[in-house]
Amino acid sequence: KAGVTQTPRYLIKTRGQQVTLSCSPISGHRSVSWYQQTPGQGLQFLFEYFSETQRNKGNFPGRFSGRQFSNSRSEMNVSTLELGDSALYLCASSLDAAGGFFGPGTRLTVL
Amino acid sequence: AQSVTQLGSHVSVSEGALVLLRCNYSSSVPPYLFWYVQYPNQGLQLLLKYTSAATLVKGINGFEAEFKKSETSFHLTKPSAHMSDAAEYFCAVSASGTYKYIFGTGTRLKVLA
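Those protein sequence lines, which keep their order, are chains A and B. For the first sequence, counting from 1, position 101 maps to 132 in the working numbering; every step adds exactly one. For the second sequence, counting from 1, position 112 maps to 340 in the working numbering; every step adds exactly one.
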């Protein structure tokens, strides 16, 4: 069974731009959650989607948004990028609440 | 609310020695607890999980952890360290039944030859 796929793996943007990251979960998994990982703040929960509905949201500004499609693939969008948005963005796919399977992440660099 | 504290941001052990990585949690509801490992430039891999069944949980690569409610701990152990165990380890908690994981700050394990 294929694992979680995230595209692109690396991204370089400049301040003020927007970016869209994609996550394809493991087949049959309906929950997709997103995390931001930085050296200073560690791993922080962004949001979680289940069957196209956002069920949980972390403490991030409204510039961070996401959605989930009917095939469970998910995208997250960050608008008006700031330098502090540079991070590794990880998505996790879950069949149940007993642990998520993480993708390799998208490394976003904001210049 | 849930939170996790990992004691020791860096731990060094000799190859063949016991690995002990500490994790204490706080949760207002029965928790699910997890240990993940992250190798450089990779995502997180689930090592093991506690979901209110057996308190001693065995995971992959010879790791195990024991849930101790009285101590609010979920320490990760491995009897004999291998060079390939060098990585960063994260403890995480979620309220049982939810999909939102709260992670600790991580412990970087170094294995000395």
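There could be a bad hint or two in this list.
Computed cross-link-like contacts, BS3-like style, restricted to lysine-lysine with a CA-CA straight-line distance of at most 30 Å [as the list claims (entries may be wrong)]: (1) B/328 <-> B/297; (2) B/328 <-> B/296; (3) B/286 <-> B/297; (4) A/88 <-> B/297; (5) B/338 <-> B/286; (6) A/88 <-> B/277; (7) B/277 <-> B/297; (8) B/338 <-> B/297; (9) A/88 <-> B/328; (10) A/44 <-> B/328; (11) B/277 <-> B/296; (12) B/277 <-> B/328.
Derived by calculation from the structure, the hints in this document are not laboratory data. All figures in this text were calculated on a predicted structure; none of them were measured in a lab.
* Which numbered hints are broken by the structure, listed smallest first? -> Those not satisfied: there are none.
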